[in-house]
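Go ahead and model the full structure; you've got the sequences and the hints to work with.
Heads up: the protein sequence lines correspond to chains G, D, Z and E, in order.
For the first sequence, the residue numbers in this note's numbering are 610 to 979.
For the second sequence, the residue numbers in this note's numbering are 610 to 979.
For the third sequence, the residue numbers in this note's numbering are 610 to 979.
For the fourth sequence, the residue numbers in this note's numbering are 610 to 979.
Each pair may be met inside one copy or between any two copies, as identical chains are not told apart.
The calculated lysine to any residue pairs, modelled on SDA-like cross-linking and capped at a C-alpha distance of 25 Å, are:
#1 K666 x G676
#2 K867 x A672
#3 K918 x T873
#4 K867 x M677
#5 K666 x P909
#6 K867 x W664
#7 K666 x G868
#8 K840 x V924
#9 K666 x A912
#10 K840 x E945
#11 K867 x S673
#12 K867 x V915
#13 K918 x A862
#14 K860 x V915
#15 K867 x I891
#16 K867 x A668
#17 K840 x E939
#18 K840 x R851
#19 K860 x D926
#20 K867 x E675
#21 K666 x K867
#22 K840 x P938
#23 K867 x L886
#24 K840 x L943
#25 K867 x P662
#26 K840 x R937
#27 K918 x P895
Honestly, the hints are just simulated from the structure, not real lab data.
Small disclaimer: the values here were computed from a predicted structure and weren't measured.
There are 4 protein chains.
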Amino acid sequence: MPSNGLATIGLLAMILNTAPAATTAQRLLLSSTVIAVSAAMIAMLAFHLWTVPGWRKRARYVASAEGMIDLASACALPFGWLIVPDPQDAQLFALVWALRYIRHASGLALFWRVMHRSRTALLSILSLFIAIFFVASSLAYIFERHAQPDAFGSIPRAMWWAIVTMTTTGYGDMLPVTIWGRLLAGWVMVGGVVMFALQAGIIATAFAAELQRRHFLHIWDLVTRVPLFQKLGAATIADIVRRLEMRDVGKGAIIVRKGEPGDTMYFVVSGEAAVQLDPAPIVLNPGSFFGEMALLFGAPRSATVVATKPSVLLVLDVADLRELAARRPELVDLIEAEARRRRDANAASQPPSTPSERTLRALAAAQVPD
Amino acid sequence: MPSNGLATIGLLAMILNTAPAATTAQRLLLSSTVIAVSAAMIAMLAFHLWTVPGWRKRARYVASAEGMIDLASACALPFGWLIVPDPQDAQLFALVWALRYIRHASGLALFWRVMHRSRTALLSILSLFIAIFFVASSLAYIFERHAQPDAFGSIPRAMWWAIVTMTTTGYGDMLPVTIWGRLLAGWVMVGGVVMFALQAGIIATAFAAELQRRHFLHIWDLVTRVPLFQKLGAATIADIVRRLEMRDVGKGAIIVRKGEPGDTMYFVVSGEAAVQLDPAPIVLNPGSFFGEMALLFGAPRSATVVATKPSVLLVLDVADLRELAARRPELVDLIEAEARRRRDANAASQPPSTPSERTLRALAAAQVPD
Amino acid sequence: MPSNGLATIGLLAMILNTAPAATTAQRLLLSSTVIAVSAAMIAMLAFHLWTVPGWRKRARYVASAEGMIDLASACALPFGWLIVPDPQDAQLFALVWALRYIRHASGLALFWRVMHRSRTALLSILSLFIAIFFVASSLAYIFERHAQPDAFGSIPRAMWWAIVTMTTTGYGDMLPVTIWGRLLAGWVMVGGVVMFALQAGIIATAFAAELQRRHFLHIWDLVTRVPLFQKLGAATIADIVRRLEMRDVGKGAIIVRKGEPGDTMYFVVSGEAAVQLDPAPIVLNPGSFFGEMALLFGAPRSATVVATKPSVLLVLDVADLRELAARRPELVDLIEAEARRRRDANAASQPPSTPSERTLRALAAAQVPD
Amino acid sequence: MPSNGLATIGLLAMILNTAPAATTAQRLLLSSTVIAVSAAMIAMLAFHLWTVPGWRKRARYVASAEGMIDLASACALPFGWLIVPDPQDAQLFALVWALRYIRHASGLALFWRVMHRSRTALLSILSLFIAIFFVASSLAYIFERHAQPDAFGSIPRAMWWAIVTMTTTGYGDMLPVTIWGRLLAGWVMVGGVVMFALQAGIIATAFAAELQRRHFLHIWDLVTRVPLFQKLGAATIADIVRRLEMRDVGKGAIIVRKGEPGDTMYFVVSGEAAVQLDPAPIVLNPGSFFGEMALLFGAPRSATVVATKPSVLLVLDVADLRELAARRPELVDLIEAEARRRRDANAASQPPSTPSERTLRALAAAQVPD
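Here it is, written out as structure tokens:
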């Protein structure tokens, strides 16, 4: 996200530029940075509008949320200079650039969706929170106004104390001193801390559910591209999907290193990997899998596997494989058949002493081979 | 909730009226608002009592929780004027109106139910909390009373420090200064923060369970009104219910927009929707569904769907449809049969190239059509 | 828990007695209360030892955790008077009575069991916490000692700042003022708040699991006493047990009130209840159930049910009944057969228009009766 | 973890040594301790390098994370003395020893793995957090700079206020005083507390999942060593594994005490235990189980069981046994067959009145024996 980094640089320069201790040279540098970033944003907007064909599409882009953020970012500083006489203060308009974080944070859309899903619970707690907030402020005013006419002289002032106390921030600038005020404060603190944690607990639960849903969709798309899995029934696939993780590897990355302990197996979704065996490496095309031997016998990895092209892999943990093998024996059959097929094809390059027949099934049956 | 908004306006006017900086004109306006709200509440109560037939029903209403809150709201200000000489202070009785939040917050009933369900856990933590509170206050008094006779001169004073510290509010008005006092304070902070978060964690878990239960009941009622689902077995329905969301749409609302990416399908529970196709729109009556094509092929929506009456829809997510299709193949059969029936009926208005036979089943079987 | 209440009274009197504002008369009353509670504890211990037969059993009681707390409670004040010259200070030994909370809190045993179960996770976070605590204190000392030689003059002093900051208590008595100190403080706050919430999250999860386990055992014992359920298979019972709640009612308590909306059904475990119908009430013995009609048709309760003896009931929610009915059709058969049997037996007292054949099964099948 | 304890001693001595109140004698003792610990670390490194055979292996060890921490620990103090003239200050380099906590905390690897797994969610919340942090600081500067030019005179200064407020630490050294500043502060507190709790909630959920995965693997390894379980199918084993807990007992430890209430049964994985019956104790070899009688009849333990060798046991809770028995009847068959076999073998030493035929199955069927 280049424009995100640009916004960060611009914002930091603007922020540091407000420091009174800065020297003239530093100020010059920082101001130039802010102006340069602003110029870059104007250029980016202009370039984007220029490349978009037709006026109708341009208008639609400007009317979209993304376009409006781009437009606001580009206009922020020029607009500031127009209406604010002090150029130093005009730079504060660069704060609009913080909107770009929202534009690019895909997680933010997720966040709002979660808020929307759990709105019933959140609203009912919010309503309780507001009721407590009103009552606590008013009672604090009633209890404390004679003892501290300055601090608690009106309910709006007491509201400042109430919010500082309910969130357990506790600045200490306003304090109840009467018995009743302190008893009230005790309840407000306890109530506030429970209510906020409750709110957060509800959001966190909903967040976890939404993330799991997204992960399911993402992995499902990858799994359907592996021919091996296409032979399985839908229920088995849904079960596998919930247990796989994705891993992106660059060209030349070492996926598995000979001699290391292994607790994961890999399926190649796209790209290509090579098992570095001695006469000649075995090439693993999309649909192949590897690393199942270390899982099976608890032995260290017998060979190094390197990605020969940028690849997408699916990773299966040993704990998950065991649970899967127990619940879905057809998966084991499939992997074993495939392993046998592959071994026959590469018979020469395979180490001869592999105990081939008692593989994953033995693992699934949880019997110590004797 | 009109009376809820009324209470908020009245409360805000009362709160602002305590601000010493208010001018005479502002005060007059605020006081009038408070009095007007009070008058409105008296009128509402009188109207309600007048419309209820018979003295027995009136008495029962006044004796109910709702009636008592209405009565208290109506009497608050007149009662205040009677017993408090200062009219400014008498307005503080308007605080009673905050009870109306409780009256209308359906979530509050939920909240108390949750508290009741997890009372065993909450009480045992509360008892531990009180024991720590007593011991911490007493020890703080013992450790600090000689060093700070003013601040920690008695255990009740030390209790103020203890509650401020256990809730991590930390006003800073009272501080241990001895070694032992500070060691104690460290433990009190850690213990307090863990205990409160634990309390909140328990409530949040119970809250989530209760919300899920309510959602199940609500959706179940809607599902049983869709004829399509009535052909399914009970176990399948229970499974579907857990995955559906409800959506209310007003007349004329665009539910699905042509060309947008789609990841949800819709079932019409009540009302009416229209698929805007070219010769004539297809009318979707209660029991119909739409949007399944975009789910199936990942293609954008092929037509816009508009609600022609205020409608209630059930929404199914693509992730949930896939899991359901895997576990409940009969649902897929049903949807496909219905889709075929609908297509035959509207054959003329249907785009001819629809790949009709490999629909949801292909999706469920997770095979790439070849 | 009488001795728990006694301890609370004694502790409160001791606490209030330290208030310097107390008059002589108040002091006399409070001191007498403390002494009386102490005398009562000595008497209780003596009585207990006197009623236990044989010296061996007495010795074993004194050696048990419970006996030691009783002994310590009884000896606290006399021991205090012996070794502390000031009688006012001697009363502080009454703090030992707070141990009685631990003795009676059954939830505390649960709490420790939970801590023990999740000790691996808790210890690893604790070790991380200690490492951060040491490093933060030392770095704060290094960064701040020249700027604030008084406040941050040694690492032990900086440790006080670190714990106050990590728990987000923030008294404000010690503050970093240098750039590096403030950057450090920012990280310490964020790290502290995440680590504590994490700790609490782990405990809360384990707590919820342990509570569910206890609930399962408790309800299982009740369910096996209901003959109706004994005809069901073990898997069905395990499923039911997870969904039932217990309710204790006293003699004469109204369990279900005619005309109220109903969303629960009840099974009588022990005691007796009566359905108040007009010619003669129907007596419900242990093993009977009631309230299923309101669940079925969403109609209000058709009759009032009163407990005629102190009774234990099992409560089943409508949401849970629906899920159970979907997964365990044999339960529905059983309830329907029983309902039919009961209706035949009480044919005279039954309202004639009950739609008897489409009962729970219709509900389970989710079909709108037509 | 001896080197972990050594690091703690060294760190504590270094920390206390910075206290200005220390006497010369104390300082000498503390300095000597620090030097001794440093010497021990050098010796340990030297010994380790000496025992490792070959220069290549030595180089690899020094290049590993573990070796680098060892090297840094050993060199910390000598390096400090070299570059810092004040020997007191040079001791601060001992802070490097805190790295040893990371080296030994196996939980830390777990922690990072959890962070990695939930990175998508954490990063999106972090990005939101940074956006709010920037905006809150800038707005606070804009609102407060005229009212408090010293405190809020630049945005970097306002950032200190923002982080102190968002974490709800609330030192109270900087406070908004304007209306707009206080409204902003209220939102910042609420937003901060929700965001941190959300972050923590996500980590806690992921942590719990990862711990469960580890527990599954660990218990699986133990279960496969018990011959009894090897006769079961893989699905049953996976189900059992999720419910067992491990317990290590030393030689001579009393596992079960006669007359105590019992709610767990035990399986011997390795080692040996003895049931202390009267003519001669029954020896329990690996693969045996005991304690099932107390579970079955709710009676107290009928005999004491002592570990005669250091043993590893698997513990099954009564609640878990009941759920297992309901779902996996083959487990009950197996345990009963084994119990019968064992009873026949030890017929002489068995109490004659054991109601042998209605054992676990009766429990599983939840019928009260009549």
